[in-house]
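Protein chains in written order, with the working numbering: chain A, 745 to 971; chain B, 104 to 591.
I should point out that these hints are in silico values taken from the structure, not numbers from a laboratory. Worth double-checking, as some hints may not be accurate.
What the hints assert, rightly or not - Residues on chain A that point at chain B, a partial pick, calculated with CB under 10 Å:
hint	residue
1	Phe763
2	Leu791
3	Arg831
Unchecked claim - A short list of chain A residues far from chain B (calculated; beta carbon distances all over 10 Å):
hint	residue
4	Ala758
5	Arg819
6	Pro896
7	Lys903
8	Gln905
9	Ile908
10	Lys914
Quick caveat, the model's predicted, so the values are computed rather than measured. Glycine residues also receive a C-beta, built at the ideal position from the N, C-alpha and C atoms.
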Amino acid sequence: MNRAPFLFLGIFLALALSFVGLVLTNQISYGAFLTHVDEGEGKAFPLQAPGLAAQGKLVYQDLGCVSCHTQQVRREGFGSDIGEKSRGWGERQSVARDYLRESRVLLGSQRIGPDLRNFAARKNADGTEHTASALYAYLYHPQAVVKTSNMPAYKYLFKTQPIIGQGSAKALKLPAAAGHEVVPTARAEALVAYLLSLKDTYAYPETKNVYTAPAAAKTQPAKESHK
Amino acid sequence: MATDSHNPKHKSDCALAPSCDASVIDASLRAPLTVLITSALIWLLVAGTLSVVAAWQLHTPSFFNNCEYVTYGRIQPAQSSVFIYGWGFNAAFAVSLWLMARLSRGALPGCGVLLLGTVFWNVGVTVGVGGILAGFSTSLASLEMPGFATPLLWVAYALIAAWSFVVFRAGRSQQLFASQWYLFVALLAFPWIYAIAQIMLVFVPVRGTVQSVIQAWFAGNLFLLWFASIALAAIYYFLPKLLKKPVSSYYLASTGFWWLVVFGSWAGITRLIGGPVPAWVQTFGAAATFMLLVPLVIFVLNFLGSLAGNGALLKDSYPLRFITFGVFALLLVLLAWVFGAVHGFAAITQFTYFTAAEAQLGYYGFFTMVIFGALYAIVPRVFATAWANDALIGVHFVASAIGVTLVVGSLAIGGINQGLQLADASIAFTSVTSATLPYLFSASVGCVLIAIGQLAFAINFFWTLANASACCVSSVKQLLSAQPEATR
């Protein structure tokens, strides 16, 4: 313990072990990990995000949405993300393959707001699907839509412009100044396109036979039928 | 490492033995420590202000939300970066350099390159934080600074950290004390983990959730191998020094050290428990985290064993009070890590404010409080003058101790409550959010107290600095060029 070279060597070996064991091993084992080609559908899953959604992801990053929203659905029995008597945040748990095409993986670490991994596939409380216009209204003034929401408003993603002709189809239904309307900027449109692209509904082979806690075993057949 | 006759018989006495050239060493460090501590304190005040804003936004979302530069999603990562890279690193550089110089008995041969490195570092942090506020955040926890700022940090780190090795080589002490083990592991680990994280996440992103593994690996190691190691080095140095007795059960310290380095470097990935990463990664992480119980027990024996029966000394010594607070926070934070590796516990606390409480306890309750204690002991020696105002030290301690306890306590209790409610799907998400508000409000009050303490510390430091420079040097230039003859 009192010879500097031995100390340095020991520290080097300990760090190397952790680096090789955790970082390199995973990097190598993920190397053989491919997209899943579904011959029936003629597509490789996960699908590449459409261009506007990819731009929207950059807006999501730039505004720091990851500070409050996770993007990972945990397995049945771990928390209450999915399964019986759950929040129904997804149809299945998130698996590594879901993130294969993402150049930046934003799992997140805080659920100050709800999980967004499967946002577009979820329904509103009244059974309707999420729409772009409802999302614009929510982003513009969250508390006007959900009174107890603690999301900050993103008014700067919208602009007020004079109404020309019939006005914009995307205009928010707000009492704006006479002759003016509030419309989303390109960033808001991209962000909303991204949110509406968040959908992990495809069932990979590895998501079909997942371990389920014994207590919840009877829900297994119901899960299978999701496909 | 020339052989000399300075070797004390017992390792733990190394820190106690009066060194004949201590004043020369301190004088050689005056200029770099002035710059490092000044930068650290300015960043600390910025971080304190930002944390009050961010904490307030959590329970009052309309606070500062008319402009994208101050939205919570940018203030929070900016605060974290300012705190970690602005305050944490500058302060850690200052404390590690002084500890290494004193323990190795080596004076700093010159400080031009070191000061250049400090300037680079601070420019890098400024550019990085500006980048986050302008919308270039990477969205990677504790690595939010954009790719155009971080290479500069890496260069600056090399220019600064190298001097710890220079003073070690220049020194004449042959013994390696526990503090030095921890300093070496911190100084050697950071460039490695930081380069890997930057290259594999930002510059050449790897595939899929390997990114999440690397991110968790980096964040865990940044805390345990960098921040905790620097603070442990300070505890191992100052605890025996302030108590005027050797570390209890010192023979166990090396076991604790290796256990922490070998298993701690795997423990960070525990936060991925239940996530979309291979199951073996989660299992290894949990197993490595349980291994942290061994260093935890050794720290109890070393630190609490030393403190036992010396409670009376706490009254007179502010450095000792800060460091004792930090020791308890360290034990609690290691315990929180271990609990976080238990599946049932993780299922509840994961993604809640409990994890924020854990981070605050580790970064503020432990690291920052220990560094405050260390600085209260270091500054009078380096500047050869007493602290300008004792009342301000008292304000700093009381405000920090109450503030940290309030923030950590309310976030931990609020977080567990939030986790239990989240797990019960019959409670609407918005009700869960509303139930956290009182806890978030008391955490904000804690953040304000913490900021008051920081202000008291900064005022006292600059006041002391003014006193010191008034009697010793007449200009900044003279201060920066002051190098004692003996060190050349």
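Beyond 10 Å from every chain B Cβ - status for Ala758 of chain A
violated, 5 Å
Just checking, Lys903 of chain A versus chain B, shortest CB gap more than 10 Å?
About 13 Å separates Lys903 of chain A from the closest Cβ of chain B, which puts it past 10 Å; holds.
Separation of Lys914 of chain A from chain B, once the least beta-carbon distance is taken, above 10 Å
Holds, since 20 Å exceeds 10 Å.
Would Gln905 of chain A pass as off the interface with chain B, using Cβ distances and a cut of 10 Å?
holds, 19 Å
Quick check on Leu791 of chain A please, does its C-beta sit within 10 Å of some C-beta on chain B?
Since chain B brings no Cβ nearer than about 15 Å to Leu791 of chain A, farther than 10 Å, the hint is violated.
At 10 Å, judged by beta carbons, does Pro896 of chain A keep clear of chain B as stated?
violated, 4 Å
Was Ile908 of chain A rightly flagged as not at the interface, with every chain B Cβ beyond 10 Å?
Nearest chain B Cβ is 27 Å from Ile908 of chain A, so the label holds.
Non-interface claim for Arg819 of chain A versus chain B (Cβ beyond 10 Å):
Given that some Cβ of chain B is not farther than 10 Å from that of Arg819 of chain A, nearest at about 7 Å, it is violated.
When the nearest CB of chain B is found for Arg831 of chain A, is that gap smaller than 10 Å?
Since the shortest Cβ distance to chain B is 5 Å, the answer is holds.
Going by Cβ atoms only, is Phe763 of chain A closer than 10 Å to chain B?
holds, 7 Å
Figure legend: structure checked against the earlier numbered hints; hints not met, in rising order: 2, 4, 5, 6.
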